[in-house]
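K.L.:
Below, each chain spelled out in residue letters.
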Amino acid sequence: MNPLARSARYLRILRALAAHTLSRELAFRGNFLVKVSVEVLWLAIMLAFYKVVFARSSNVAGWNEPQYLFFVGCFFALNGLIEMLFLDNCNEFSELVRTGDLDALLLKPIDEQFLITCRRIDWGCAPNVFMGSGVMAMALYQMSWRFDPVKSAAFLATFACGVAIAYAFMVLLTSLSVWMVRNQSLMEMWWLFSSLARYPKEIFSGRWAEPLGMFFTYFIPILIVVNVPANVMVRAFDPAMVLMMLVATAALLWISRRFFLFALESYRSASS
Amino acid sequence: MTPPEAAILMPPPPRAIGSLPLAVKKYLAIFRASLLERMTYRADFLLGTILRFLPMVTTILLWRAIYAGSGQQSLAGFRYREMIAYLLLTNISRMFSSMPGLAGGVAREVREGTIKRYMIQPMDMIGYLLVYRIAHKITYIIMSFIPYALLFGVCHSFFDGFPDLATLGEYALALAIAFVVGFFFEASVGMVGFWFLEVTSLLYIVMTLNFFVSGHMLPLDLLPEPWSGLLKLLPFQYMAYFPAVVFLGKAKGAELAWGLAGGVLWSAFFIVLSRVLYRRGLRRYSAFGG
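If you're matching them up, the sequences are chains A and B in order. Per my numbering, the first sequence starts with residue 15, numbered consecutively. Per my numbering, the second sequence starts with residue 166, numbered consecutively.
To be clear, the hints were calculated from the coordinates, so they are not data collected in a lab. Among these hints, one or two may not hold up.
[Said to hold, decoys possible] Heads up, incomplete: computed chain A residues facing chain B, CB under 7 Å, no partners named: (1) 163; (2) 190; (3) 213.
[Said to hold, decoys possible] So the derived list for chain B, only partly shown, Cβ under 10 Å to chain A, looks like this: (4) 230; (5) 235; (6) 238; (7) 299; (8) 369; (9) 370.
Ideal placement from N, C-alpha and C gives every residue a C-beta, glycine not left out.
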C-alpha cells in the first residue's frame, strides 16, 4: 500500500474511533458534564493563581502579565490535547500487559503503536483545547496583538511539534510498562514532565538551575514544548529555536517508535 | 432467631462482642494486614515518592522569579525563604490530611453491596477504615522519611532552624487535627454514596477545589479580602495551611488558640457528620442478592 493510501486508511480508522468514543461518552452525559466542570475549575484555579501573582509582581522571569496569560492558555490547550488523545490510552497499557489483553490488540491487522496509543479519544478533555485557546485569544487582545502570518504559522507548527514531543515522551514512558508492569509511578513521571513544561524556562536561572534548564532544553527537551510556541507568538521569534524544535520532534518520534517496538519484542503474554 | 435477610438489613450491632483485649486484638490484626499490603509495592512506592518532590524544584524557581519581579522583600508577610518553607511544609500537612481512595472506597462498598459485611460482622466500618488508614499513613511516613529528610536537608537554608519545643508540640497537634479533619471529611463525602451511587465525579470537584482552598498552592494570606478571611473560617485550611503557619511561628497567642479551637470544632463536626450520615444511609440502604 502506498504511503498516501495508508495515511488515508488510518485517518478513516481514526475518524471511526473518534465517532465511536463520542457516542460512548454521550451515553453518560452527566459524567461528561462533571468531567468538563472539573477542567473548568482547574482553569479557574490556574487563572486565580496567575491573578494573585500579578497583583503583587509586574513580571515573572521577564514575562509580563498578558504574555504570561498567553503562556498559561498555551499550556492548557496543549496539555488538554495530549490528555484528550493519548493519556488514557497510554495509562491503560500497563493493565493490558498485566492481564495479557494486549494479545488481542497485537493480532489486529493494524499498526500496534497507532492502535494502542490512539484507540480512544477522551472527549471530556476536548473543551480544554477551546478554553486554552480562549485564554490565548484574551491575552492577545490585552496586548493589542496585530495579526502576523509568519508568527501565526510558526506558532501552529511549533504547537504541533510540542504535541508530538509530549506524545513521544509519553510513548517512551508507556513502553517501560512491558518490564515494570505496575506503572502507576511512571504516569506520575508524566505529571512531573508536564509540571516542568508549565512555567517559562527563564525561571531556570542561577548557579544550579541554569544547567538543569539546559538539560531539559537540549538533552530531554521537555522545556521547549510550551515555551517555544508561546515565545514565537508573543515574544521574540527565534528561528534557531524553531529549527531545533523541528529536529527534536523528528528525533524523539523516531526514538520513541524504536523503543516501543523493542518493548513489544520483550512482551511475554500473560494469558493462556 | 433472626432470619439472615433481616440481619443484613439491620444496622450494625453495638460493639458488645468481646472484651477490650479482643477488640484491641481485632484492630491490631487489621493494622498488621494493612501494613503488609502497603509494603508489597515498595520499589514503585519509593520511586513515586521521590518523583513527587521534583515539581518542588519548579515551584522554588517560580517563586524566586515572582519575588524578583515584585521587587519586594515580603509578600503578604511572607519573605521568599518563608514562602518556600511554607510550600515545603504543606507537603507534610498533606501527608497527614490526604486520604486517597477513602471516599471512593466507601461509595464502592455501598454500590457493590460489600458494605453488608460491617452489618453482619462485629466490626464498625468507620473504626475499621480509621485503623486501616492509620496503618497506611504510618508506612507512608516511615517510607517517605528518607526522601523527605533529603529534601528538607537540601532545603535547610529556607528554614530558620528548628522551632522551640512548644511550637513543635503545637505543630504536632495541628498535624493531628489535619489527619482527623481530612479523614472524617472524606469519610463524610464517601457516605454521600448512600444517596448518589456515583461519587467519583463529586470527589474530583471537591479534591480539585481543595488543592486551592486548603492553601496547598499558596498561603491563604496572599488572597485579597474577603477571600482570605473567609477561607480561614472553613475546615479546608486545616489540611494544609494551618499546620504550616504553626510550624513557621506565624500563628501565635490568641490567633493560635482560636485556630486550634476551630480545628477541634471542625474535627468534632465531621466526626458527628460522618456518623449521622452512616446511620441514616444504612437506614435507606437495601442489599439485594447474595
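K.L.:
Determine for every hint whether it applies to the structure shown.
P.N.:
Status of the hints after comparison with the structure:
no. : hint : verdict
1   : 163  : 32 Å, violated
2   : 190  : 11 Å, violated
3   : 213  : 5 Å, holds
4   : 230  : 4 Å, holds
5   : 235  : 4 Å, holds
6   : 238  : 12 Å, violated
7   : 299  : 23 Å, violated
8   : 369  : 5 Å, holds
9   : 370  : 6 Å, holds
Of the numbered hints stated above, those contradicted by the structure are hints 1, 2, 6 and 7, listed in ascending order.
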